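Turn these sequences into a full structure, and let the hints steer you where they fit.
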Amino acid sequence: MSELIAQRTEFPNPWDMPLEDINMNEPGLFQADLHWEYFRRLRQEDPVHLNEDEEWGRVWSVCKFNDIMAVEKNHQVYSSEDGITLGLPKSRMFERENFQTTNFIAMDPPKHDIQRATVSPVVAPSNLTKLEDTIRERAGNILDSLPRGETINWVDL
Numbered sequence: 078m079s080e081l082i083a084q085r086t087e088f089p090n091p092w093d094m095p096l097e098d099i100n101m102n103e104p105g106l107f108q109a110d111l112h113w114e115y116f117r118r119l120r121q122e123d124p125v126h127l128n129e130d131e132e133w134g135r136v137w138s139v140c141k142f143n144d145i146m147a148v149e150k151n152h153q154v155y156s157s158e159d160g161i162t163l164g165l166p167k168s169r170m171f172e173r174e175n176f177q178t179t180n181f182i183a184m185d186p187p188k189h190d191i192q193r194a195t196v197s198p199v200v201a202p203s204n205l206t207k208l209e210d211t212i213r214e215r216a217g218n219i220l221d222s223l224p225r226g227e228t229i230n231w232v233d234l
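Residues 78 to 234 in my numbering are what the sequence shown lists, from first letter to last.
Because the hints were derived from the structure by calculation, they are not lab data. Quick caveat: nothing in here was measured; it's all calculated off a predicted structure. Take the hints with a grain of salt, since some may be wrong.
Claimed, not checked - Beta-carbon label-pair distances, calculated as ranges: (1) A201 with S157: 19 to 25 Å; (2) W92 with Q153: 20 to 26 Å; (3) A216 with K150: 28 to 34 Å.
We treat Cβ as the ideally placed atom computed from N, Cα and C, and that holds for glycine.
Take a look at the structure:
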């Protein structure tokens, strides 16, 4: 997916730019590990930050724990039904609309609750304990198959 989105590689110091210019929709911020200071500034000055982005549309960055929990617990106001990820920019809206899948994490109650009840027994601690050897073996096989001594991009794997 990373090759689908043109990414910036240089970013200004978040403390030297107007607050309204902070755009947390930039994938390069995260790839360059620069997002921390941007979030720090937002938490201090604008913890519920609206970004009106020409490419991505309206995106809210909710940056403080109590605010995040308030959003998470109020699906009547803050719905996940339209998705929980940015995915593709507006310029690729056709692909976004035609290929977006729905998973239960992006569902609101009661649909979410029904789906969660179906999978909860499988991932209960007692079942995961039974699967521990298999999980460790598979994780080890994946890690052992990775190239050594070179940089890899987990997102592209």
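Going down the list of hints, with the structure as the test:
1. A201 with S157: 19 to 25 Å: holds (24 Å)
2. W92 with Q153: 20 to 26 Å: violated (37 Å)
3. A216 with K150: 28 to 34 Å: holds (33 Å)
This entry does not satisfy hint 2, going by the numbered hints stated previously; all others are met.
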